[in-house]
Amino acid sequence: MSQPIYAIVAEFGDPDDLLVAAEKVYAEGYRKVEAYSPFPVHGVAEALGNDCSKTRWTCFLSGVAGGLGGYQLAPDDTRSV
Amino acid sequence: MRRFNFLNYTDHTEEPYAVTMLARNPNVTMRARGVMEKCTYCVQRISAARIEAKKEGRPIKDGEVVSACQQACPTKSITFGDMNDPKSEIAKVKKQPQNYILLEELNTKPRTTYLTRLRNPNPKLGKES
Amino acid sequence: MSAREKLNDDLILGKHTFRTINDKVNNVVLNQNSHTIPWAVCFMVGFMLLQLMGLVILWLLYRGIGIWGVNNPSMWGWDIINFVWWIGIGHAGTLISAILLLLKQSWRNSINRFAEAMTLFAVACAGLFPLLHTGRPYMAYWMFPYPNVLAMTPNFRSPLLWDVFAISTYATVSAVFWFLGLIPDLASLRDKSKNPIFKGIFGALAMGWRGAASHWQRYESAYIMLAGLSTPLVLSVHSIVSFDFAVANLPGWHVTLFPPYFVAGAVYAGFAMVLTLAIPVRAWYNMKDFITMRHIDWMAKVMLATGLIVFYGYLCEGFFSWYSGNVFEIDMMRFRMFGPYGWAYWMLILCNGIVPQFLWFPKIRTNLVALFIICQFVSLGMWLERFVIITVSLTRDFLPSSWGYFTPTIYDIGMFVGTVGQFTFLMFGFLRVLPMINNFEMKELLYRMTGRGHHHGHTAHALEPDLAGHTAGDGEEH
Amino acid sequence: MAQIFHPRANILAKFSLILLATGPLLLLLIGTGVSRASYNTKVGMVADQPVPFSHEHHVSELGIDCRYCHSNVENSAHATVPPTETCMSCHSQIWTNSPLLEPVRQSYKTNTPIKWAQVNKVPEFVYFNHSIHIKRGLNCNICHGSVQQMQLASKGKAFFMVWCLNCHRNPEKFVNDPDKVFSIYEKGLKGTDHEYADLLPEERDILNSGEHTRTPEELAKGEAWVKKFGIKKKQLADCWICHR
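Protein chains in written order, with our numbering: chain A, 18 to 98; chain B, 4 to 132; chain C, 662 to 1139; chain D, 8 to 251.
Calculated from the structure, these hints are not laboratory results. Ideal Cβ positions, reconstructed from N, Cα and C, are used throughout, including at glycine. Careful, some of the hints might be misleading.
[As the list claims (entries may be wrong)] The calculated BS3-like cross-link candidates involving lysine-lysine, where the alpha carbons are at most 30 Å apart (straight line), are: (1) D/Lys234 / B/Lys58; (2) D/Lys142 / B/Lys58; (3) D/Lys235 / D/Lys142; (4) D/Lys187 / B/Lys58; (5) B/Lys97 / D/Lys239; (6) B/Lys57 / D/Lys235; (7) B/Lys95 / B/Lys64; (8) D/Lys240 / B/Lys58; (9) D/Lys239 / B/Lys57; (10) D/Lys164 / D/Lys49; (11) B/Lys57 / D/Lys228; (12) D/Lys180 / B/Lys58; (13) C/Lys860 / D/Lys21; (14) B/Lys98 / B/Lys64; (15) B/Lys58 / D/Lys164.
[What the hints assert, rightly or not] With the Cβ distance kept under 7 Å, some of the chain D side facing chain C (calculated, not the full set): (16) Ile11; (17) Ala20; (18) Phe167; (19) Met168; (20) Val169; (21) Leu172.
Just chain A, same shape as in the assembly (with noise of 0.2 Å):
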């Protein structure tokens, strides 16, 4: 043991098998995990504990953003002429 260990990586032939792969590293109690494939496997990121609350939460209030800036950009009819 002359070297420390920094990062372990492992290559998966199936999705199915990463998924699998990482239910189980996170029940081991592993945190700082990243799965990485050529396209989206469902589940792999909630499996390592990611949730993606903040995309929704940044979408949601930039559309009422929008929205209401929207607005404000309608002529004020009511305006003493």
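Position chains B, C and D relative to chain A; hints supplied.
Same frame as chain A, but now just chains B, C and D:
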């Protein structure tokens, strides 16, 4: 009726352009291309009369504003005035039974209305002229 | 995750693995020898027509739009016809990518990239026309409510202003949607490209995509939300375009039928254009495995369905004008059928009503030559539809004193042909620099089609040895 | 695989994303700034005139009324630039040898008008009438700035449409006693014992800069004037009032 200026009908590249513009009508803008053209009921004449009346602190008199078409019409077929004033000439003319509105059924509410031709459909009462 | 849906196994044909899909899609972009002579001819012709349009526009800016055939009864002329035609064509892309995504139609995966690009380029062509038609295009920014020293805001009661907002929103959302879908594929191109310059360009555009699980999660969340945003747009844009007509008082325009009938027509024209492009391109680039006969068959069916809606619209228009008892409406219909533009009306009925009926036959749906010809009829028919609506109503309005006739000039033709050139140029340019088929979605589709446990013969063996070598990403590993 | 980008590129990427979001806003801000800057509006920019005429000297020091030169301001749309004869009515007697006045004498001799550079100009599509504005008690300075303090004439206000509409939408903020339009200049004469004496705060502000925000009492007076003049407020901001 609307007209759109599809081209520059006044040549802005000509040297005495400003002179041409002033000569044709000093009180109205010469419309460039890309602008709609409509009858303004001679708004320059209305404005002139309105400002004179305001300076003297009185309402515009009936017949004070004469539109260009009215002025030019040799048979005095055109009347122009304030429709809101019941004593004005135009209000009287509009009350006549011959008065009709073009395409009234479309509810476009035009200001310009017409008087129908008077006809005599009964030959016993004399020949139609 | 075990809920892998049952998929048609003929969405991808041939013996494909993740690697072969990846190579095939990327090869078109990375290997410039993959382009064929027909590609070069189309690209060159498109480029030349684009130059022609540039000349026409220059002359137009100098002289004014009076060089077109527009005149005082027929103020809209070819210009707005072309605008509505192009914007209609632009509808298929977003329909395929957004609505079909939400409806979980897996067959959209191989045609969505292509159709979205088509949408963008069609909208680019469409946008030119109203911009130039304003007569003073350099004042076009007046249509946006920016804080100005004139204390003026645009008139929000005008449907022409709704157009400005509908189309600029549509163009923006479509572009964002398209680019978002491109990011993982750009990363794949970055990883596969040998040329350091292209590597840099693709890399910058991929914005550090590594294909990590968290990336995919955010990507999918954002993508589905954009699809949700685009879905109402698909329906709203052409509805609003139809308001340009329906809100006016003119006989033949003042119809509540217009919004649904225009939207159906847009999807109809859009699918015709997708097929027009897909049929030759899949042959030239040998993409028959990805854009299969099943895709073509389904697109033809969509065309048939929307074509029937459109035809129903024509019948309704005839019925409404008769049933209204309104003399203007009845006469307008009479002028449409038997007036000076009667030839256009009957051509329209032939192109949009009769010819698509051949699509009922499966044999014709799968006969590429016949289908291609039908698509040309549809495109022509949809153009004629706008021609009939705009020209007949404008030249035959309420007052016979203001009737007229419309004849296009060479500049009208130049503008139209020019936009066709611009579209071709952009489309074929796109084929060369970006992946025309959604690379990662095809891989995902293959994965879903060949799930472990229910292997489907010909693709089954492909999975195991291949996936590992193919993890997109040069990122750091943990 | 080698890295294509240095980790520093992340900053660049983030910056370009921020720029993408804020860029249009920045562009709008810059455009707004430029269009309102005096570079564009020419406010306070002295034009090159054939004679360095000083309004300050003639009005504030000598006490010549505006109407002596701009003689039609009360009666016509145009205030009118005076003919050479008006200048010569004094300058045939005083400063007859001044080299600065050579163009005036030349103009008089050769009977050709002096080519003054126009300082205050409304856009071509606007038809402004001076007489009605004077009759509504609007002091010259409200539109032209404090001309009586200018050594060399320059534009006092940017003639933006939003600025015109500020009054045309709410005339009570500006209309006043028409009899006092010119008399306040007399009270502001330099070197006299009544310099700025017995001026109302509003009049003092107008003399100094042309800018004044009315107090509620002054506004009430303004409303009274609006009523007295019979101004139709709804009509006053219509397009055709100024555009033809």
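Right, here's what the structure says about each hint:
no.	hint	in the structure
1	D/Lys234 / B/Lys58	holds, 15 Å
2	D/Lys142 / B/Lys58	holds, 6 Å
3	D/Lys235 / D/Lys142	holds, 12 Å
4	D/Lys187 / B/Lys58	holds, 16 Å
5	B/Lys97 / D/Lys239	holds, 26 Å
6	B/Lys57 / D/Lys235	holds, 11 Å
7	B/Lys95 / B/Lys64	holds, 15 Å
8	D/Lys240 / B/Lys58	holds, 17 Å
9	D/Lys239 / B/Lys57	holds, 11 Å
10	D/Lys164 / D/Lys49	holds, 9 Å
11	B/Lys57 / D/Lys228	holds, 20 Å
12	D/Lys180 / B/Lys58	holds, 20 Å
13	C/Lys860 / D/Lys21	holds, 20 Å
14	B/Lys98 / B/Lys64	holds, 20 Å
15	B/Lys58 / D/Lys164	holds, 26 Å
16	Ile11	holds, 5 Å
17	Ala20	holds, 6 Å
18	Phe167	holds, 4 Å
19	Met168	holds, 4 Å
20	Val169	holds, 4 Å
21	Leu172	holds, 5 Å
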